[in-house]
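Heads up: the protein sequence lines correspond to chains A and B, in order.
For the numbering used here, add 16 to where a residue sits in the first sequence, where the first one is 1.
For the numbering used here, add 16 to where a residue sits in the second sequence, where the first one is 1.
Derived from the structure by calculation, the hints contain no laboratory data.
Treat each hint with caution, since some may be false.
Same chains, same names: a pair is fine if it fits in one copy or spans any two.
[As the list claims (entries may be wrong)] No more than 16 Å apart at the CA atoms, straight line, and that leaves these computed lysine to aspartate or glutamate pairs for EDC-like:
no.	residue 1	residue 2
1	K677	D100
2	K61	E51
3	K367	D131
4	K677	E414
5	K395	D81
2 protein chains.
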Amino acid sequence: MRKSLFTMLLVTLCAVVVKAQSITSPDKNLTLTFELQANGVPTYKLSYKKKPVIKTSKLGLETKDVPPFMDGFTVSKTETSNFDETWNPVWGEQKSIRNHYNELLVTLTQKAVKDRFIRIRFRVFNDGLGFRYEFPSQPNLNYFIIKEEHTQFALADDHKAFWLPGDFDTQEYETVTSKLSEVRGKMKSAVTPNVSQTTFSPTGLQTPLMMKSQDGLYINIHEAALVDYSCMSLNLDDKNYTLESFLTPDAIGDKGYMQAPTQSPWRTVIVSDKAGDVLMSKLVYNLNEPTKYKDVSWIKPVKYVGVWWEMITGKSTWAYTDLESVQLGVTDYTKVKPNGKHGATTENVKKYIDFAAKNGFDAVLVEGWNQGWEDWFGKTKDYVFDFVTPYPDFDVKELHRYAASKGVKIIMHHETSGSVRNYERHLDTAYKFMVENGYNAVKSGYVGQIIPRGEHHYGQWLVNHYMYAIKKAGDYKIMVNAHEAIRPTGLARTYPNLIGNEAARGTEYESFGGNTPDHTTILPFTRLIGGPMDYTPGIFQTRISAYNPANNSFVHTTLTKQLALYVTMYSPLQMAADLPETYEKFSDAFQFIKDVAVDWDDSYVLEAEPGDYISIARKAKGKNEWYVGSITDENARVATIKFNYLPKGKTYEATIYADGKDASFDKNPQSYTIRKMKVTSKTVLKQQVAPGGGFAISVK
Amino acid sequence: MRKSLFTMLLVTLCAVVVKAQSITSPDKNLTLTFELQANGVPTYKLSYKKKPVIKTSKLGLETKDVPPFMDGFTVSKTETSNFDETWNPVWGEQKSIRNHYNELLVTLTQKAVKDRFIRIRFRVFNDGLGFRYEFPSQPNLNYFIIKEEHTQFALADDHKAFWLPGDFDTQEYETVTSKLSEVRGKMKSAVTPNVSQTTFSPTGLQTPLMMKSQDGLYINIHEAALVDYSCMSLNLDDKNYTLESFLTPDAIGDKGYMQAPTQSPWRTVIVSDKAGDVLMSKLVYNLNEPTKYKDVSWIKPVKYVGVWWEMITGKSTWAYTDLESVQLGVTDYTKVKPNGKHGATTENVKKYIDFAAKNGFDAVLVEGWNQGWEDWFGKTKDYVFDFVTPYPDFDVKELHRYAASKGVKIIMHHETSGSVRNYERHLDTAYKFMVENGYNAVKSGYVGQIIPRGEHHYGQWLVNHYMYAIKKAGDYKIMVNAHEAIRPTGLARTYPNLIGNEAARGTEYESFGGNTPDHTTILPFTRLIGGPMDYTPGIFQTRISAYNPANNSFVHTTLTKQLALYVTMYSPLQMAADLPETYEKFSDAFQFIKDVAVDWDDSYVLEAEPGDYISIARKAKGKNEWYVGSITDENARVATIKFNYLPKGKTYEATIYADGKDASFDKNPQSYTIRKMKVTSKTVLKQQVAPGGGFAISVK
């Protein structure tokens with residue numbers, strides 16, 4: 017070759033070599049490679065034990081008002097570093113969490129945009145990858161509006177996926193289990209009706225997205241630290257199995273208002289050939305900032321009962337009257353005939369307080385205590401609640417006194433009805449009212465279309481609002497359990513008073529038609545990545561008609577599977593959701609719920625397969641007690657329970673609450689057995705599980 | 017005729033006779049007729065001294081989610097009544113106001129909509145008509161969404177009109193004077209640029225809309241009591257000169273969310289053959305609810321100076337630094353180099369306080385005192401201000417002490433930058449801060465695109481917000497002067513702490529290119545119908561280049577016309593807007609501003625023609641002092657000033673501040689004379705007025 021041509025080739029090769037940069041996980045199983053393509057398009061790829069997980073995938077953002085961040089980049093700097101620290105969460109599945117990663121920080125400059133530069137930070141953990149865009153302070157970058165983020169995840173194959181239809185307003189769909197190639201065909205039937213829903217694509221998917229490859233690789237895509245940004249959904253190109261980020265628009269179609277210096281949330285990819293590693297992954301938490309709260313003594317896990325299920329089933333009502341329409345401050349409730357079915361009465365709440373006190377529960381949730389429930393639903397009503405004015409039959413002061421005298425708290429309820437400006441207007445008053453009346457935790461709700469109209473539950477506007485409510489709650493030392501809000505992205509590390517979210521199809525849907533028997537064998541792989549769920553299990557009376565003859569729904573689990581959920585569905589907030597009178601009929605089984613801990617020193621996945629079964633053991637925080645939960649889908653199975661996490665050389669008593677021999681979720685859900693046996697660290701238990709069944713073990 | 021046909025004819029005639037219903041004004045000059053057309057379409061018409069003012073015009077509302085309120089009505093009831101009371105406003109042009117009308121209340125039922133019914137209430141005063149829709153409580157009417165209101169005003173002719181382009185976000189256009197038939201051709205040039213503007217039709221117009229017919233009838237269309245509803249603009253059909261209501265949409269195109277029982281605002285038509293009657297009309301106030309405030313002692317008219325004009329002209333800056341971009345709570349201002357041109361410094365404010373104290377002014381407005389001004393404009397920035405954190409060179413405590421020691425108040429400034437959620441989040445804190453630091457009045461501003469995005473300055477969402485801010489201010493005993501907010505509709509009767517609005521092109525535009533010389537001869541006929549304007553006159557140095565050589569604008573009035581404005585532009589809030597050092601150079605002319613009252617026992621229109629000239633006299637509240645102001649447009653004239661409102665048989669001393677012989681607004685604005693003369697109730701003064709000029713008289 018001619019000398020100049022050779023030089024050119026060499027330089028090009030070097031340039032090519034220089035442009036690609038790789039780091040691995042600490043254990044070297046994962047390899048992340050960043051590479052700039054021709055035209056200066058940034059890409060990355062991820063492999064696990066040399067198998068491709070994410071093939072070469074583009075990165076970038078499209079903008080509305082400044083030149084886009086899509087191409088024309090050169091790599092002006094790369095820095096690598098590593099990090100290894102252990103931190104202790106305020107509550108969690110483990111007492112301490114190791115944060116151990118290798119990092120690659122790439123600085124990319126667009127010469128054609130006056131040398132404007134951004135950074136992409138990659139962190140590779142043993143269990144996966146996280147990366148985010150950063151927009152540093154600089155003369156040529158100030159305010160900009162995102163039109164769309166274009167982060168790709170080019171999957172290697174037509175994986176099996178556990179997915180929810182992509183939607184800007186709800187996650188209350190049944191998870192669909194199918195190959196990626198089948199998403200399009202199954203989308204229509206997957207989109208079941210909801211009072212607030214907005215799909216965006218025939219192949220749109222939500223995160224966390226759980227997948228399993230043909231050769232047994234588990235992959236989970238999500239985001240971490242969603243702060244002041246729009247929620248990311250994924251749009252699947254089902255021709256080549258590439259997912260691309262699809263942000264939530266605001267009322268005028270914009271997808272993000274940014275001011276440098278700033279950053280996107282982390283995009284996360286958890287990878288393992290062991291399903292249990294996905295369940296136990298702390299990657300999303302590790303990517304969040306440590307908490308700045310100095311005093312966290314007021315943040316405590318809660319086991320509670322509540323005036324709730326009786327309304328969900330239709331046995332009683334949230335509303336005090338049957339008026340079609342009310343106006344707060346105008347409607348005089350003392351002059352209106354009550355409907356006689358109101359759940360949240362002083363008398364009824366006292367019964368729950370007594371039950372809680374008698375059984376060692378921390379709190380009683382009360383819904384329907386405040387004026388406005390007559391026309392709260394589906395009316396897009398602005399001034400729907402004021403969060404401080406009770407119905408005439410709910411005596412705030414008396415219940416404060418009574419609850420305190422029994423050592424029980426009442427959990428406040430703030431249903432916003434999606435009327436977010438109204439909630440913010442009342443927020444300080446509402447939180448003050450809580451503090452003055454002995455409430456230290458609130459369940460908030462966002463049922464219905466968002467007001468301001470045109471905004472979505474998962475847009476930047478609402479993401480900002482949820483954070484506002486959590487931070488302000490922190491100022492008042494109040495814990496928050498937000499329903500119908502954004503699914504969590506590990507923010508509870510920074511704001512540990514965010515002790516719960518719903519953000520998925522919960523137990524209430526068992527009363528609205530039923531959940532599938534495999535529902536809770538999926539949720540820990542999907543919804544629970546990023547934060548706990550207030551799933552509110554514990555339904556012993558699985559036939560709803562027993563409470564409300566008009567309701568033919570039934571809970572699609574056996575009774576002992578409901579017990580197992582207290583272990584398999586990790587949450588620092590656990591409800592015994594059924595009615596006290598039902599628990600009193602099954603007090604032997606109820607003993608497990610009384611005993612089970614809500615905070616843990618450590619957790620161990622014994623067996624797990626998404627959509628099929630989960631068996632988990634956990635050690636209660638600061639106690640020599642362990643709890644095991646095992647659940648299955650519609651198929652019976654034999655679970656294998658090891659006890660090798662017990663201290664060696666000691667013997668413990670295990671109480672096993674299991675399905676009866678002939679139990680099944682649909683035909684014989686209430687058939688169960690309770691037996692005791694001695695166990696040591698060497699014990700291996702084989703336990704039969706009924707269809708839609710499960711079992712729970714307490715070890716002391 | 018056959019007997020049955022005859023009967024039918026007779027019944028039809030009777031039905032026709034029964035369906036039309038008329039009432040007159042107390043003095044019988046105005047006749048309002050309501051009539052149901054075929055298809056049950058409600059209509060009305062209005063005549064004055066037997067001449068048609070509004071020809072037969074349809075009424076109705078189009079809805080999104082319930083059957084429309086457009087036709088199919090029958091009259092199920094009509095009730096007439098009359099009312100005659102006198103009430104005393106907290107502040108105003110008159111000490112007492114007579115509310116005297118005849119009322120017709122029509123109940124209309126739609127048989128085809130399960131007998132759903134509405135009411136239309138008509139009130140006819142001696143100076144005009146007001147009517148509104150009412151939606152009473154009933155089983156078949158609850159929540160409904162307005163798609164559009166279809167209230168027509170069928171004008172009798174191609175009137176001369178003084179109009180602003182219809183717009184959902186701004187009123188800062190120059191008024192166009194033209195025939196209605198010329199609106200379409202003049203629209204394009206009328207729509208001058210504004211940071212937040214949204215026109216809706218090539219023949220869209222704002223209210224108040226002032227008109228004059230060929231035979232000298234003055235007609236003004238506006239609305240009263242705009243509460244929890246969308247602002248009404250008018251769409252002109254220029255083929256037949258019919259105006260129709262055009263409401264402001266929200267982010268998704270809806271025009272109103274209603275819950276029965278409720279009502280629309282009043283649609284008002286002021287009519288007279290005397291221009292002065294329009295100026296003096298209290299119809300809009302009379303249609304508003306009396307105030308419920310028990311204690312109004314904290315509401316006082318204010319004469320003020322301010323650290324403001326020096327920034328408007330460009331002599332100094334609102335911002336403390338020249339940073340391109342700041343983040344509240346992050347940017348450390350103590351570490352940033354100040355730009356050396358900051359207006360709101362402790363030292364400078366003290367100078368204004370001294371000046372105010374020396375000259376008997378109540379207060380000093382200070383803009384630019386708080387962090388965030390570097391990037392507040394045009395960035396659609398969410399967390400733009402916190403309303404409590406001052407710049408390092410503005411000492412809140414010291415200025416509180418200093419102002420109090422001099423008996424002067426500081427007027428707070430809350431520029432929201434259109435970021436309304438942010439303002440509401442900080443509102444309580446901001447008002448508390450005011451109370452703690454001695455501020456009892458706030459000028460608020462809404463410059464820029466509204467956030468939440470997609471909403472408009474004049475939509476229901478913002479109308480609700482402005483009311484929220486005013487009511488909450490009332491809780492803190494704070495007076496509000498809201499700029500860039502909705503133009504007033506008489507709500508200051510109910511909320512007398514709303515002491516001012518801008519909502520039109522004010523004095524600042526003299527520095528942004530200039531206002532036309534006839535501008536202020538129009539505003540009292542348009543903008544001031546419904547409430548006062550913080551016009552901020554008093555500019556003596558009319559060449560802006562004297563303050564900022566880069567600014568070639570000039571004020572399009574003579575110096576003494578600026579004095580006259582304190583009388584012709586009624587406001588309980590009056591600013592001497594120029595710089596103290598300028599006033600000190602013209603202290604003889606400045607004496608008028610020191611003397612002029614800001615609250616009145618009575619007011620008298622001496623001469624007036626919209627767009628040409630206005631001469632007004634007023635009696636100071638509780639004093640034996642009168643003030644006269646007379647202004648003209650670009651044409652010189654001789655004003656005729658009567659003094660027949662002075663007590664008979666007494667002699668007073670009048671001080672006349674008038675244009676010099678060779679004065680004119682563009683060539684010689686600062687030429688003026690001051691002379692004294694004795695006057696009695698019999699005196700008639702002829703006074704020369706220069707082009708763009710005016711004169712002011714104080715009588716003691």
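The hints, checked one at a time:
1. With identical chains, the CA atoms of K677 and D100 are never at most 16 Å apart, being 49 Å at best within one copy and 87 Å at best between copies.
2. In this homomeric assembly, K61 and E51 come within 16 Å of each other (Cα to Cα) only inside a single copy, at 8 Å, whereas the closest approach across copies is 75 Å.
3. Taking the shortest Cα distances, K367 and D131 never come within 16 Å of each other, neither inside one copy (68 Å) nor across copies (47 Å).
4. Proximity of K677 and E414 under a CA criterion of 16 Å is satisfied in neither setting, with 48 Å inside one chain copy and 82 Å between copies.
5. Taking the closest pair of Cα atoms, K395 and D81 come within 16 Å of each other only across two copies (11 Å); inside a single copy the shortest separation is 36 Å, beyond that limit.
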